[in-house]
Structures are given as C-alpha cells and as structure tokens.
Amino acid sequence: MALVKRKAIQHAAAASRSRSKAAWSLPLAWRMRILELAATRRGICSTAPCGRRAGQRLRREPDTAVREVILTTLVRLNDPSATGEMAECLRSEDAALRNEVIESIGLMPCDVSHVLRSLLADADPDVRIFAVNILDTRRQPDVESWLIDVIERDAHLNVCATAVDVLCEAGSESSVEPLLRLKDRFRSDASSSLPPTGR
134 MALVKRKAIQ HAAAASRSRS KAAWSLPLAW RMRILELAAT RRGICSTAPC GRRAGQRLRR
194 EPDTAVREVI LTTLVRLNDP SATGEMAECL RSEDAALRNE VIESIGLMPC DVSHVLRSLL
254 ADADPDVRIF AVNILDTRRQ PDVESWLIDV IERDAHLNVC ATAVDVLCEA GSESSVEPLL
314 RLKDRFRSDA SSSLPPTGR
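At position 46 of the sequence shown (counting the first as 1) the number is 179 in this note's numbering, and the numbers step up by one without a gap.
Derived from the structure by calculation, the hints contain no laboratory data.
The structure presented is a predicted model; accordingly, all values stated were derived computationally and were not measured.
Among the hints, erroneous ones may be present.
Simulated DEER-style distance windows between Cβ atoms [to be verified]:
#1 201 <-> 246: 23 to 31 Å
#2 236 <-> 305: 23 to 31 Å
#3 213 <-> 320: 36 to 44 Å
#4 214 <-> 272: 18 to 26 Å
#5 251 <-> 320: 28 to 36 Å
#6 214 <-> 298: 26 to 34 Å
#7 310 <-> 221: 32 to 40 Å
#8 291 <-> 195: 26 to 34 Å
For every residue, glycine included, the Cβ atom is placed at its ideal position computed from N, Cα and C.
Start from the sequences, fold in the hints, and give me the full structure.
Structure (structure tokens):
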C-alpha cells in the first residue's frame, strides 16, 4: 500500500514539474501576464468578506482578461454584497462588460432577488431589459411569475417584448391571460412588435 501511495505522490510531483516547465517555456510577456492574473485572483480572494470592493474594481477595469478573473472569482465566492456593484456595470457603455455581468449574475447561486427587484424598477428601460435578460440566464423556478409581473406592470414596450421572448420558452398556461391583456394594452401602438397571441 505504501508503494502505491509513493508512486501516486511521485506521479503528482512529476506532473507538477511538467506544468512548471511548460509555463516557463512560454514567452516572457505571457509568463508575466499569467503571474499578473494569478495575483489579481489572490487579491480578490483575500477581500472575500468585502466582495463589494471587487465589484467596484470591476466597474473601473478596462482589461478584458482581468475582468474575467474578477467575475469568475466573484461567482465562485458567491458573495451577495458584490451583486449591487456588478449590477451597476449594466449602465456601462461597454456592451461586452454588460453581457459578462448578465451572465455572471445569472450563474451566482446566492439569492439576488433584491438586486433584480431594484433593476426591474429602474428608471432606465435599458437597465430593466438587462434585468429581464438576467432572469432568462438564471431560469429560477419562479421566473414565470417574475416575467408576468413585468408584462403586467412595465409601461415600456421594449421591456415587455423582451419579457415575452423569455416567456415563450419559460412560460406555461398561466401566462396566456397576462399576454392577452398585454396585447390589448399595446394594441394602439403602431410600432408594436409583440408576437401574436392567437387572438
């Protein structure tokens, strides 16, 4: 048994040396970049109780690779305190950052209901659309009730149309009557792009 264990340790050590050699065979610029990203990840992990600070850095970070490290680390840490700062990135002019944040919040196991409620009540219809996109990404069990609430209450056509798109995949018979009421509500809008409801 001791021989098997020794061989396993030797194999792991050899694999580690192999990875180390492979890393140092890379060009210097690449090695420095790997070290920089590793340091960034360690720095984020060290502020785990203050995930909000990492979220604040995300809003200022122009480097895509560093942003990816921050986001993946925040998702892994699953710190609810960071979600508010992450959500603020939805106001950015950077479409790539917005999409990254939508996907990352969608992946977080923690309860983000408070953030979603705030986003769905935001004065900016674009932010409300992004909130619906987060609901689409999360696909939590009560997603249909959230989306029905959107189409019943939101006054902006594009927000409702986005919610309808998600309801087409996530909805049930419970969505039929709210969809019919929505169609009536926007019937006078000549630019209506809502899909037909069979009425």
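Each hint, compared with the structure:
1. 201 <-> 246: 23 to 31 Å: 26 Å, holds
2. 236 <-> 305: 23 to 31 Å: 25 Å, holds
3. 213 <-> 320: 36 to 44 Å: Since the Cβ atoms of residue 213 and residue 320 sit about 41 Å apart, the hinted range of 36 to 44 Å holds.
4. 214 <-> 272: 18 to 26 Å: Given range 18 to 26 Å: holds, Cβ gap about 24 Å.
5. 251 <-> 320: 28 to 36 Å: 31 Å, holds
6. 214 <-> 298: 26 to 34 Å: With Cβ atoms ~31 Å apart, the hint holds.
7. 310 <-> 221: 32 to 40 Å: 36 Å, holds
8. 291 <-> 195: 26 to 34 Å: 29 Å, holds
The structure meets every hint from the earlier list without exception.
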